[in-house]
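Protein chains in written order, with the working numbering: chain A, 1 to 131; chain B, 1 to 131; chain C, 1 to 131; chain D, 1 to 131; chain E, 1 to 131; chain F, 1 to 131.
Since the hints were derived computationally from the structure, they do not count as laboratory data.
Heads up, a few of these hints could be off.
It does not matter which identical chain is used: a pair holds within one copy or between any two.
Calculated pairs, DSBU-like style, for lysine-lysine (alpha carbon to alpha carbon, straight line, at most 30 Å) [to be verified]: (1) K54 x K99; (2) K17 x K99; (3) K17 x K54.
Model, not experiment: these values are computed from the prediction.
There are 6 protein chains.
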Amino acid sequence: MATLGLIEYADASPEVKAVYDDIMTSRQTDYINNFWKALAHDPGSLRRTWESVKQVMAPGALDSLTKEMVYLAVSTTNQCGYCIASHTAAARKAGMSDKQFAELMAVVGMANETNRLVSGYQVEIDERFRT
Amino acid sequence: MATLGLIEYADASPEVKAVYDDIMTSRQTDYINNFWKALAHDPGSLRRTWESVKQVMAPGALDSLTKEMVYLAVSTTNQCGYCIASHTAAARKAGMSDKQFAELMAVVGMANETNRLVSGYQVEIDERFRT
Amino acid sequence: MATLGLIEYADASPEVKAVYDDIMTSRQTDYINNFWKALAHDPGSLRRTWESVKQVMAPGALDSLTKEMVYLAVSTTNQCGYCIASHTAAARKAGMSDKQFAELMAVVGMANETNRLVSGYQVEIDERFRT
Amino acid sequence: MATLGLIEYADASPEVKAVYDDIMTSRQTDYINNFWKALAHDPGSLRRTWESVKQVMAPGALDSLTKEMVYLAVSTTNQCGYCIASHTAAARKAGMSDKQFAELMAVVGMANETNRLVSGYQVEIDERFRT
Amino acid sequence: MATLGLIEYADASPEVKAVYDDIMTSRQTDYINNFWKALAHDPGSLRRTWESVKQVMAPGALDSLTKEMVYLAVSTTNQCGYCIASHTAAARKAGMSDKQFAELMAVVGMANETNRLVSGYQVEIDERFRT
Amino acid sequence: MATLGLIEYADASPEVKAVYDDIMTSRQTDYINNFWKALAHDPGSLRRTWESVKQVMAPGALDSLTKEMVYLAVSTTNQCGYCIASHTAAARKAGMSDKQFAELMAVVGMANETNRLVSGYQVEIDERFRT
Numbered sequence: 001m002a003t004l005g006l007i008e009y010a011d012a013s014p015e016v017k018a019v020y021d022d023i024m025t026s027r028q029t030d031y032i033n034n035f036w037k038a039l040a041h042d043p044g045s046l047r048r049t050w051e052s053v054k055q056v057m058a059p060g061a062l063d064s065l066t067k068e069m070v071y072l073a074v075s076t077t078n079q080c081g082y083c084i085a086s087h088t089a090a091a092r093k094a095g096m097s098d099k100q101f102a103e104l105m106a107v108v109g110m111a112n113e114t115n116r117l118v119s120g121y122q123v124e125i126d127e128r129f130r131t
Numbered sequence: 001m002a003t004l005g006l007i008e009y010a011d012a013s014p015e016v017k018a019v020y021d022d023i024m025t026s027r028q029t030d031y032i033n034n035f036w037k038a039l040a041h042d043p044g045s046l047r048r049t050w051e052s053v054k055q056v057m058a059p060g061a062l063d064s065l066t067k068e069m070v071y072l073a074v075s076t077t078n079q080c081g082y083c084i085a086s087h088t089a090a091a092r093k094a095g096m097s098d099k100q101f102a103e104l105m106a107v108v109g110m111a112n113e114t115n116r117l118v119s120g121y122q123v124e125i126d127e128r129f130r131t
Numbered sequence: 001m002a003t004l005g006l007i008e009y010a011d012a013s014p015e016v017k018a019v020y021d022d023i024m025t026s027r028q029t030d031y032i033n034n035f036w037k038a039l040a041h042d043p044g045s046l047r048r049t050w051e052s053v054k055q056v057m058a059p060g061a062l063d064s065l066t067k068e069m070v071y072l073a074v075s076t077t078n079q080c081g082y083c084i085a086s087h088t089a090a091a092r093k094a095g096m097s098d099k100q101f102a103e104l105m106a107v108v109g110m111a112n113e114t115n116r117l118v119s120g121y122q123v124e125i126d127e128r129f130r131t
Numbered sequence: 001m002a003t004l005g006l007i008e009y010a011d012a013s014p015e016v017k018a019v020y021d022d023i024m025t026s027r028q029t030d031y032i033n034n035f036w037k038a039l040a041h042d043p044g045s046l047r048r049t050w051e052s053v054k055q056v057m058a059p060g061a062l063d064s065l066t067k068e069m070v071y072l073a074v075s076t077t078n079q080c081g082y083c084i085a086s087h088t089a090a091a092r093k094a095g096m097s098d099k100q101f102a103e104l105m106a107v108v109g110m111a112n113e114t115n116r117l118v119s120g121y122q123v124e125i126d127e128r129f130r131t
Numbered sequence: 001m002a003t004l005g006l007i008e009y010a011d012a013s014p015e016v017k018a019v020y021d022d023i024m025t026s027r028q029t030d031y032i033n034n035f036w037k038a039l040a041h042d043p044g045s046l047r048r049t050w051e052s053v054k055q056v057m058a059p060g061a062l063d064s065l066t067k068e069m070v071y072l073a074v075s076t077t078n079q080c081g082y083c084i085a086s087h088t089a090a091a092r093k094a095g096m097s098d099k100q101f102a103e104l105m106a107v108v109g110m111a112n113e114t115n116r117l118v119s120g121y122q123v124e125i126d127e128r129f130r131t
Numbered sequence: 001m002a003t004l005g006l007i008e009y010a011d012a013s014p015e016v017k018a019v020y021d022d023i024m025t026s027r028q029t030d031y032i033n034n035f036w037k038a039l040a041h042d043p044g045s046l047r048r049t050w051e052s053v054k055q056v057m058a059p060g061a062l063d064s065l066t067k068e069m070v071y072l073a074v075s076t077t078n079q080c081g082y083c084i085a086s087h088t089a090a091a092r093k094a095g096m097s098d099k100q101f102a103e104l105m106a107v108v109g110m111a112n113e114t115n116r117l118v119s120g121y122q123v124e125i126d127e128r129f130r131t
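This is chain A alone, in the form it adopts within the complex (with noise of 0.2 Å):
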C-alpha cells in the first residue's frame, strides 16, 4: 500500500481538487492515477509536480508518441514497474503499436548493453565527439 494511502477525489482539499481536475480536462478522462492520488499528501508537490509534467510532455519539437516512448524507455532502463505499467499505457494510448514497442525495448536493450561495453573497456572518448 501506499505510503500515506491514496486521496480519493472526494476527499481532496479544494487545492488537490483544482489539480485533479485539470489532469482530467487535460488527458481528456475521469480518471486519476494513484501516483497523483499518492501524492496529494502534499499538495505543493502535487502542483508544482503536475505543472512539469504537463509542460515537458506536451507536444513541441518531439510529438506526444515519441515523448511517451522515451518516458517508457528510461522507466524500462530504471525497472521502475509501477512507471513501466503506466507508460505502457500511456504510449498506447498515444497510438504506439505492438512493433513499435518491441523496436523500442530492442534499442533499450542494445543501449543498456553497449553502455556498459564501453565503459568496461575504458573507451576514451573520440576526439570528433567532443563538441
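Following the hints, complete the assembly by docking chains B, C, D, E and F onto the known chain A.
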C-alpha cells in the same frame, strides 16, 4: 586509455577488417569509433555486437532519428559519458535539432524524477494498468 | 520466498542467536527483520553486516533521523522495494513526520532529475567546484 | 564541452537574465553554475527547473543542510561527477563539516550494499512493513 | 501479466518454434522460460537475443558456473527480480552451492558499497591504474 | 582532487598507519591505493571498510580471481571509472587473461540488456523459479 588498447584498420585481422568495412559501408563514413576499435580485441564480440546494433537500429516501425534519441535517453539515464557523446553526434547526424535535444532531455529528467517518487511513495499499480 | 529461506530464532545456531540478541538489545525490540533471517545462512556475513550497520547508523555528527532519511533516499534512488518499506518504518520510528517524508521525496526526485540533465547536457565541472 | 555550450550573462536573453538574477539573489552570490548556463539554451526548462529547485530546496520541515546532504547522497548513488562536486560545495556552504561528510558517505555506502543483499537474497517484505 | 502476453509452443509460428526447439536442445530441458515466450512476439528479437545468449554463455575462457554467477551479480546490482530468480536457478543448475552463493552476494554488496565511497569522495584514479 | 585530499603514509596517524601496514602486508605490496588514502580522513570507516574487504575477498568457496571478476562486473554495471580501473588491475594480478576479460565483459553486457528486456516486457516470474 582503453583497457586492451585500440586496433587500427591497418593492424586489424581480416575478420576484424570485414566488420570495419561493413560499419563504414552501412554508415556511409570512413570513420570507425573507438568503441569498435576497443571491442576488436574480441572479434566474436565485435561481430555479434555490430550485427545486433545494425539490426536493431535499422529503420522499421520506428525511424532512425527516434531510435537514436531513445539510445541517447538510455545513455543519459545511465550517465555513460562516452555513449552520450557518441549518440548525441549520431542523433544530430540523423537530424536531431537543438530544440528536439532540449525536449528529449526534459522528458528524460522528468521520467527519472517521477520513477523515484513512485517508488519512494510505494504506489501500487492501478488495476487498469495491469495488462 | 527468500533464496535460502529464513532462519527463525528457535532454529538458529548459537553464533546466529548472539547476533539476533544484539540486534534486539540495540534496537530495543523483540523483532528480527526478514533481512537478517535471510542473511543468517552465512553467519560471517550476518555478523559483519550487522556490526557495520550498527556502527554506521549510530548517532554521531549526524543524528539517527538524518541517517535513516539518507538511507531511505538511497533506497528510493535504487528503487529497492524491501529497503524502502523497512527504512520508511525505521525513519518513522526515529521521528520522521509525514511532512518530512514528503520533502525528502521531493529532494530525491529533483536530484534524480538534475543528475540526468547535467549528464545529458555534458556540463563541465566549474573550476571552483574542483576541490 | 557542454553539448550546446554555455550562455554567459552578457549574452543572455532578457528571459534568461531574469532567471540568472533570481538565482543570484536567492543564493546571495554573483556566480552562476555551468549547469544553469547549459540549460539556458532552453529557457522554458531553465525557468521550470530553477523554480522547482528553489521550491524544493527551501527550508521547511527539513533544514537546508539536511536537504543538501540528501542531494549529495542521491548524486553519489548515481555517481554523477558534476553533481557530487557542486553539491559537496553547496552542502559545505550550508554548514556540512568534514565529519558529517564522512558519516554521510558511510551511510550511502552501507545502503548501497544492503540494497543489493536484500535483492539478491530475494527477501520478502515483512508483514509489519507493509503499511 | 507480460505486456504482450506469452506465446506457448503450440501457438507459435514455425520461426518461433525453431528457436524454442534450439533452446530446449541446447539446455537439455523441455521447459521454455516466460522470458522467451514474451519476447516471441518479436521473432527477430527472439532469435537475435537467443543466439547472443547462447554464444556468450557457452563455456570458453570462463566456465559456465562462473558466467552464471556473473550474470546473477549483474542482475542483483540492477535489482531485476525476474533475472535474480531465473539466474539463481541457472547458477544452481550449473553447480553453485549455497556457500558460493553467499560469498557471491558478499562481493556484490561490497562492490556496490565501495563504488559509491570512491565516487562520493571524488577519488582520482591512481597513475598506475591508467593502462 | 579527492574531496578531503589524500593522506600519505608519512602524514598518517598511528591508527591509520596500522591499517596501511595491514593492507601492504595482506596484499604483498608497498603501494596504497588512493581510495584508502582518501578514506583515511575517517579512520573508523577506513578500518571497517578494509576489514570487510579483506574478509569478503579472501579465497573461500570462490577463488580470488572469480571474486575480482565479480567485483569488476559490478563496477562495470555501475559504471564507476575508478573501480573499473583499479579492479581491472586487481583481476589481472589475480590471473585474469585478456580472453577472460573479454568474455566477462560480454556476459556483463548481455545481462544488462536482458535485465531491461525482462522488465520492459513485464515478464512474470515462472512458478518454478519461485524458490
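Here is what the structure says about each hint:
1. K54 x K99: So K54 and K99 pass the 30 Å test inside a copy (27 Å) and across (18 Å) alike.
2. K17 x K99: between (38 Å within a copy, 20 Å between copies)
3. K17 x K54: Both: 16 Å inside a copy, 25 Å across copies.
Checked against the numbered hints above, the structure violates none of them.
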